[in-house]
Amino acid sequence: MDKTLDINRYDIRDLSLAPEGQKRIEWASLDMPVLGQIRQRFAEERPLDGVRISACLHVTTETANLMLTLKDGGANVVLCASNPLSTQDEVAAALVMQGIAVHAVRAEDNDRYYRHIITAIQHKPQITMDDGADVVSTLHQDFREYLPHVIGGTEETTTGVIRLRNLARQGKLGYPVISVNDAKTKHFFDNRYGTGQSTLDGITRATNLLWAGTRVVVCGYGWCGRGVARRAQGMGSRVIVTEVDPIAALEAVMDGFEVMPLIEAAPIGDVFITVTGNTSVIDRHHFACMKDGAILANSGHFDVEISLEALRGMAVRVTEVRPMVEEHLLSDGRKLYLLAQGRLVNLAAAEGHPASVMDMSFANQALSAEYLIRNSGSFAPDVYDVPADIDAEIGRLKLQTMGIEIDTLTEAQIAYLASWESGT
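Residue numbers in the sequence shown follow our numbering, run continuously in steps of one, and reach 425 at the last position.
Rather than coming from a laboratory, the hints here were simulated on the basis of the structure. Note that the Cβ used here is the ideal one computed from N, Cα and C, for glycine as well.
Once the Cα atoms are required to be at most 30 Å apart in a straight line, the calculated DSS-like pairs of lysine-lysine come out as: (1) K125 with K173; (2) K336 with K292; (3) K399 with K24; (4) K72 with K399; (5) K72 with K24; (6) K125 with K72; (7) K173 with K185; (8) K72 with K185; (9) K185 with K399.
Quick list of simulated restraints, FRET-style, between CB atoms: (10) K292 with D256: 23 to 33 Å; (11) C290 with D390: 46 to 56 Å; (12) G172 with I264: 36 to 46 Å.
Turn these sequences into a full structure, and let the hints guide you.
Right, here's the structure in full:
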């Protein structure tokens, strides 16, 4: 790999897009009041003064507000994309105009994508901020000489946390990483409500599909799958859930969904949505029995959940019939429609999660970075949860910004919960 890249350069599509990007960033900020409060405090206290941060995140309006928060906190930030199709070019331009080094271009090829990751790594980060663990993985495989510079990192998504836990399990993780994904104020809301809404939004924009009456097959019933299934049900779809985890499958049944093996759902589904974080979930034998016109979409982090090699190998012709829609004509005349090249449909075909839900996720990112700096040297290399007090404070702030008050425990209730003597 080329280790001589100049990190002082930016690499974006077009700097003239900045005014439009700035408008969109400001619009998103209106729905991110928790992060806004953190940004105000960071500007006053500068808890990240001089800290080098390399962030590999989806370059969206919401991420832009996080980057500006870190910058106002004193951080020296380099941002690259965590997915080749998720970058909003106007946002990248606006961030460059505000002094943040951005290396991201929508629809960049794989070589350029990893060249940008290398550029972020050459920043010699003290904090890494990942969404999918591509920076951490590349850093550990090819740039281990930079590991001593790193104080800690954060990880945004389930797929990245899986990779990091595997790295830690093998004893190879070089520094502590906080799993932002596992914060209650992240996965209960971002994964469930954010993914649920934005996934349907992406599919709708790509296809103009009517959800009512459509048979939707949701592959995976984690927090993202729960959100997708519930939103599709709310739009009038008939929802089938497929799972490999018996507990998750049982929960789906009791939530009112049909549950069956994917091979049984394949012939009857109209739309298939993968949200598992695993590979080859929909494969050749599933394609072989799907109905003509079936739609295939992925909302997991990487483009491995739908077996693209198998699908393309079965196709006699592939045609882009709409933006983000590829028609795969099979030898028997059936047509299967792949959305967004099998990548994150909510970000590739739409705008990703609403700003309101990313407000909490990115509040976790900002406060976790501050926590790592304040507690530098206190943690061995491993994957850690967001501290419970940070998680709870974000929930409290979100309710406050929504104008919602809740009850508090009385002294007697606190004493009761701390006792063991009282019984029936």
